[in-house]
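Join the two chains into one complex using the hints; note that each chain is given alone, in its own frame.
Which chain is which? The protein sequence lines are A and B, in order. Letter by letter, the first sequence follows residues 0 to 420 of numbering that gives the first Met the number 0. Letter by letter, the second sequence follows residues 0 to 361 of numbering that gives the first Met the number 0.
Be aware that one or more of the hints could be misleading.
Said to hold, decoys possible - As a list, the in silico SDA-like pairs of lysine to any residue whose alpha-carbon atoms are at most 25 Å apart:
hint	chain 1	residue 1	chain 2	residue 2
1	B	25	B	14
2	A	96	A	49
3	A	311	B	57
4	A	311	B	87
5	B	79	A	169
6	B	79	A	76
7	B	79	A	318
8	A	202	A	408
9	B	305	B	319
10	A	311	B	305
11	A	136	A	125
12	A	311	B	58
13	B	112	A	327
14	A	311	B	88
15	B	109	A	129
16	B	112	B	88
17	A	149	A	76
18	B	187	B	57
19	A	202	A	169
20	A	311	B	319
It is worth saying that the hints were derived from the structure and are not from the lab. Remember, predicted model here, so these are calculated numbers, not experimental data.
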Amino acid sequence: MAQMTDTAGPVMTTADGTPLKQALARATRRSKIRAFLLVAPLLLFILVTFIIPIFDMLSRSVSNPEVQEAIPETAALLADWDGQGLPSEDVFASMAKELSKKENRREIGRMAARLNFEDSGFRSLLNKTQRRIDRVKEGPYKDALIAIDKDWGETRVWKIIQLMSPPTTLSYYLNALDRTYDQDGNVVMQPDWKQIYVQLFLKTIYVSLGVTVACLILAYPISYLLATLPPSRGNLLLILVLLPFWTSLLVRTTSWIVLLQTNGVINDTLVWLGVISDENRITMIYNMTGTVIAMTHILMPFMVLPLYSVMKTISPSYLRAARSLGANPLVAFVRVYMPQTVPGVGAGSILVFILAIGYYITPALVGGQDGQLISNFIAYHMQKSLNWGLAAALGTILLAGVLAMYWLYDRIVGIDNMKLG
Amino acid sequence: MADNKTPFVQFSEVQKTYDGEILVVKDLNLDIEAGEFVTMLGPSGSGKTTCLMMLAGFETPTEGRIMLGNRELNNVPPHKRGIGMVFQNYALFPHMTVAENLAFPLEVRKLSKSEIEGKVQRALDMVELTSFGGRRPGQLSGGQQQRVALARALVFEPDLVLMDEPLGALDKNLREQMQYEIKHIHEKLGMTVVYVTHDQSEALTMSDRIAVFNDGRIQQLAPPADLYERPENAFVAQFIGENNRLLGTVEEDDGRNCAVRVDGRMIRAVSVNHAGRGSPTTLSLRPERVTLNPEDGSLPNIFDAKVEELIYLGDHIRARVSTCGDDEFIVKVPNAHGHQTLAEGAEVRVGWAMEDCRALDA
Ligand SMILES: Nc1ncnc2c1ncn2[C@@H]1O[C@H](COP(=O)(O)OP(=O)(O)OP(=O)(O)O)[C@@H](O)[C@H]1O
Ligand SMILES: [Mg+2]
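Next up, chain B with everything else stripped away, as it sits in the complex (with noise of 0.2 Å):
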């Protein structure tokens, strides 16, 4: 983002350590415009809800600077910071009614009576809970109290509101609905979103960006499709999606494209992150990039191999066959009209082309 106009949220070389010992963020940078609707997905552990808590105050960064909007965020306690949070367990206060948790943000911000009565019945038409403002939170499913913790962050209209694995502990339909809905009142109402998950399927529908974290490090920010397409480490690769790597030498390279041997082939790939001639490399594949028994010479990349197991998926066949030194390697055989009938034992070629192969780091 080579944009010039500052950035509503800005971490610089924010580093995070709890016992002095261990650094779980390490040198985070990480710029967020007004209105974008930004994830952090990454492994367990990887320092998501950390950075989040630094970001909504109730951690403070051992090094570095926040800032949001022009606001320096280091010395401001988290109530003076107008941040919206949904936590993962709701934390709807059990001894309000949903009506009075949804009060509280503007009670305390000292609104008149008819002002709260007014934004609170908004507030519940906004997530179809109209007529469940005199319940207590423990009489609502878990996805109206979902839904009550989405209004109360955003009740009091905050610019940017923060979230939590939201969505950990519904299940699998509800979780979809949900993802639909916050999206949906994100485009409605603009405001920043910084979410966190390690579901990656829900961080592909939502974001406009995502970060993936690992190791307390960003391993890359970039739109979802990008981040499907253009995976930029192997790290990425690996976690978004699924992905064959052969693990190989790097020959011959000409800046914009290599060629890579593995298992004693040669296997022309994209340079992406590698260290040039001679240096280890890891090629990332995706497996429905792979054509099954493609005619001679019309891809760079050709090779026997054979089938060692199929799975029958309905809308596709995964075929796990063995080539290259590598019998973990995955192909999507979509079940089009006419697909290929493949036994196991069976022995077929398998074939890609340079663009969809990247060469990364090993």
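Isolated chain A, as found in the complex (with noise of 0.2 Å):
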């Protein structure tokens, strides 16, 4: 009798009686390090170059060390304050201390910085104040402290730094989403004036859909072209379309420039023929056609490739049986040709999308006031505000997106099905 095993039947063995799987692991054992040895590099060289900056983002968008570091006693002392008038004079007297502190310089001016992307006044205050908190000798420091600047004296001064003490925050996120917190630590909404991020993320996803589209419109006919036609006009039309991938991006935009601007080529040339006049040159640049147009001709390969490689697979033979049965090229065309390149377009629509998002160089140098997109923005928080939390916060939200794209897609077409060459 056969031992009764969790598959239900005797183990099949080899000859010398090793459990078949047994013997299989074995024997694949050896190829399956070779193929990790193989990739090992570049695996670690994701890791290093990709995984691991993603993860500090992730960490910096809700790392909230600043007041910790400057103020730890304020800090704990805040804790306990319930939020009503003014906190007891120790934590007077304890900020008083802290803020004297001359081996705190540097956190007190980090920690500075960060109120300041709060409210705008934190700056000035604690720089006057770090100033003259010298000449306080002895308490009460309540009123030394308010004497100093009357800002002190203010409810609202102290629930930011209380709201800000916990070493981690959403309030980078809120900042991401137009919102913020108000005195008592509930959310609202950012002051009208302040409201910019949503509009830039609604804007930037609506650009990188027209963007998509524009690109998906321009490409399939070309794909088509170059997928039917004899391999060797076929490949010479394929590196023309190539050709932008080898001329440096700058170059690529800056051409733009030079044909778009109102002093460009084709402004001139329709003033030339008369189209129009000479006062009403057409803005085609510094604003979101630039942007949009640029844009569409540097994507366009991601969108050709991709279709040019699944319309390759395709035999013509599909269509001459369509119409051997009967249906008109149109007909033959839609529902037998157009179907089958699905994962084409599913991939080249994705691929575009996803660059498109999160592209920055083009919408610098043609976007100009209103051609900005949200990684614009993402790069004005790291190199000019220095706010590296809310950058990392809109770069998290913008991964999110990416990531939920992924899935919607995944969903509705199956990332099995997509073709990428």
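Below is the structure:
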């Protein structure tokens, strides 16, 4: 009698009695190790340059150590404050003491910058206080601080410090979504003039969708032509399509400036042809139009390649079969050819959309005021305002959006159906 | 075919060139009767597919006309020709189920839903795939896909069906089975079939008539038996079945029979296709028509031969002998009761009747 096993049945063995599964595992182990060694360098590279930075960004978007590091004792005392009126004399005393510590200068500077993101009065308040704190020799500290700057007598100021005391915060995300904490720690909308990011996210999505659709419409016929042409001529055309890849991104973008600007080639030609008058030259650059035109051009190859590689595999006999079955050319194309290109359309669209949604250099160069996208603001916060937390939060939201797109695509079309080459 | 009623399909003086330099099809004339099963047989590159594509409308003839019924086809687009077609790689639409594939030609003809359902079901029954309607082509075996392709080409009841090497991708057993199925469906439905293959046994099994193609021309158009028994030129004799070729010169010719000098010997043969006395000719002789060690005087052609090689094939033995200056001369010795035992190197005599030896073009 064979023993009952999980697989309900006798275990298959090789001639010398080892179970088949074990023998198979042993036989494939070598090739698995080999495969791992082959990918290991790339894996390491990706880990260092991609995965770790992403986690760094995620942690930066919630990390909030500045207040803790600069005034640990005050922060601890403030935690117990009920938020009514002003904090107790102890809190003022501890604040005065910690602000006067010379070795804390750098941390206090960082805290000032951090708090300034929440309310733009903080940097000057803290700087002023730090400069004058040495004159305060003894209490009551409450009056002394308020004497240095009357802002210390405002509940709001202390509330903000209290809110920013914990080592982690969601305030960057709130900011990124045009929201903020009010005095009582409730989430409220930013004042109107500060609401920009939600609008910007939406604009970025619309622009990316627009660019994707434009790329698709322009790339589909080209790819079809490339795929159906005899290989010799098809390859030549494909090289022409890929030519932009060989030219620097900056060169391509600036050449659009030459073409599109008010005194550029296109406007000059139109004026010369008499289509428009000299005064009514069309503004096609340093605005959204410029951004869309240049991005469509630059991202086009990413649409053409997946489409081409899918169309290449579709045998012309399908179209012939459809025609022989009585379908006119249009019906044959729509009902037989196009459904088979869906994997390419999906792959190309998702590629272009994801690239577009994070595109930076082109909008920066040709976008002008209103052609800026979310990544330009991320760059701004990285380089100019140095609000890395907000930049990280914006970046994380962007990443989540892209992943959501990916998930949606998988649900609707299926990732397995995607074909990049 | 000296009929005076108009043929169903008619190629007249059709020529085709793809590049303007080489004629792929040279002066093609072919009449096909309604209900006939005609096979185009020929070596690779002989222009069979090209002819079929011109008939289907995917290639245009460079010269000449193609008629279908009373219609001149030259300017009719493929989808208006109403010709069913089975492709070599089946060309089943991969994104549609089997039933949707079959419904496609009916939908584009705007038939009603219920009509479509009925016809699709009948077509599936016909190819014995009744319960496979919901599957995708990718989930079918090669033979099943083949049947679906066949059903799809027939479901809209075309009068003419074209098949371009439809069985090329199947293994031998399945191919033979499908040959009979296609033949039976043809007998049952009575449509006209133009079939392309380069497998001669397939052509011989299935066809009413076979057009042997070579070099862009039809070499001979005849029923299978005629083609085998009475080849009209050396190419056909060589291409269909096994054949012994002897090259010689015509010495005497009375119009029906002739005497041909081959390697110093005189062979008596039927005059079929040679240019008369003094001209070179190819004698064609089937291996199974050669008698081993015949009685003296029983046959007009009897010669000495030497056995070079013997191959045992069960039902018969193939003997390669050298005779009349040809050491590739094949004799099929039936493995009958009391057949002669042969040994390699043995001296034997071979003989054949005059009618079995045909003097063709050189
Ligand atoms: N689209 C084309 N362009 C140029 N030449 C072609 C084209 N199609 C076929 N040919 C040439 O025409 C000749 C006949 O081709 P065809 O396909 O008709 O041969 P076939 O008899 O069907 O051969 P096979 O048995 O290999 O299918 C070949 O020499 C081929 O190279
Ligand atoms: Mg062919």
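Here is what the structure says about each hint:
1. For the hint pairing residue 25 of chain B with residue 14 of chain B, the CA-to-CA distance comes to about 5 Å; that is within 25 Å, so the pair holds.
2. With a C-alpha separation of about 43 Å, the suggested pairing of residue 96 of chain A with residue 49 of chain A is violated against the 25 Å cut-off.
3. Taking the CA atoms of residue 311 of chain A and residue 57 of chain B, the gap is near 20 Å; set against the 25 Å cutoff, the hint holds.
4. Distance check on the hinted pair: residue 311 of chain A and residue 87 of chain B sit about 19 Å apart at the alpha-carbon level, within 25 Å; holds.
5. With a CA separation close to 67 Å, the supplied pair residue 79 of chain B and residue 169 of chain A exceeds the 25 Å bound.
6. Distance hint between residue 79 of chain B and residue 76 of chain A is unfulfilled; the C-alpha atoms sit about 89 Å from each other, more than 25 Å.
7. With a C-alpha separation of about 15 Å, the suggested pair residue 79 of chain B and residue 318 of chain A falls inside the 25 Å cut-off, and the hint holds.
8. Taking the CA atoms of residue 202 of chain A and residue 408 of chain A, the gap is about 21 Å. The hint holds against a cut of 25 Å.
9. Restraint check for residue 305 of chain B and residue 319 of chain B: the C-alpha separation of about 9 Å stays at or below 25 Å, so the hint holds.
10. For the hint pairing residue 311 of chain A with residue 305 of chain B, the CA-to-CA distance comes to about 59 Å; that exceeds 25 Å, so the pair is violated.
11. As the CA atoms of residue 136 of chain A and residue 125 of chain A are separated by approximately 18 Å, the hinted pair is consistent with the 25 Å bound.
12. At most 25 Å may separate the alpha-carbon atoms for a hinted pair to count; residue 311 of chain A and residue 58 of chain B meet this at roughly 21 Å.
13. Between the alpha carbons of residue 112 of chain B and residue 327 of chain A the distance comes to roughly 20 Å, so the proposed pair stays at or under 25 Å and holds.
14. The straight-line distance between the Cα atoms of residue 311 of chain A and residue 88 of chain B is roughly 16 Å, inside the 25 Å bound, and the hint therefore holds.
15. Taking the CA atoms of residue 109 of chain B and residue 129 of chain A, the gap is near 86 Å; set against the 25 Å cutoff, the hint is violated.
16. The straight-line distance between the Cα atoms of residue 112 of chain B and residue 88 of chain B is roughly 29 Å, outside the 25 Å bound, and the hint therefore fails.
17. A hinted pair counts as satisfied when its Cα atoms are at most 25 Å apart, and residue 149 of chain A with residue 76 of chain A qualifies at roughly 21 Å.
18. Distance restraint check for residue 187 of chain B and residue 57 of chain B: the Cα-Cα separation of roughly 29 Å exceeds the 25 Å cut-off, and the hinted pair is therefore not satisfied.
19. In summary, the hint linking residue 202 of chain A to residue 169 of chain A is supported, as the alpha carbons are separated by about 24 Å, within the 25 Å threshold.
20. The straight-line distance between the Cα atoms of residue 311 of chain A and residue 319 of chain B is roughly 51 Å, outside the 25 Å bound, and the hint therefore fails.
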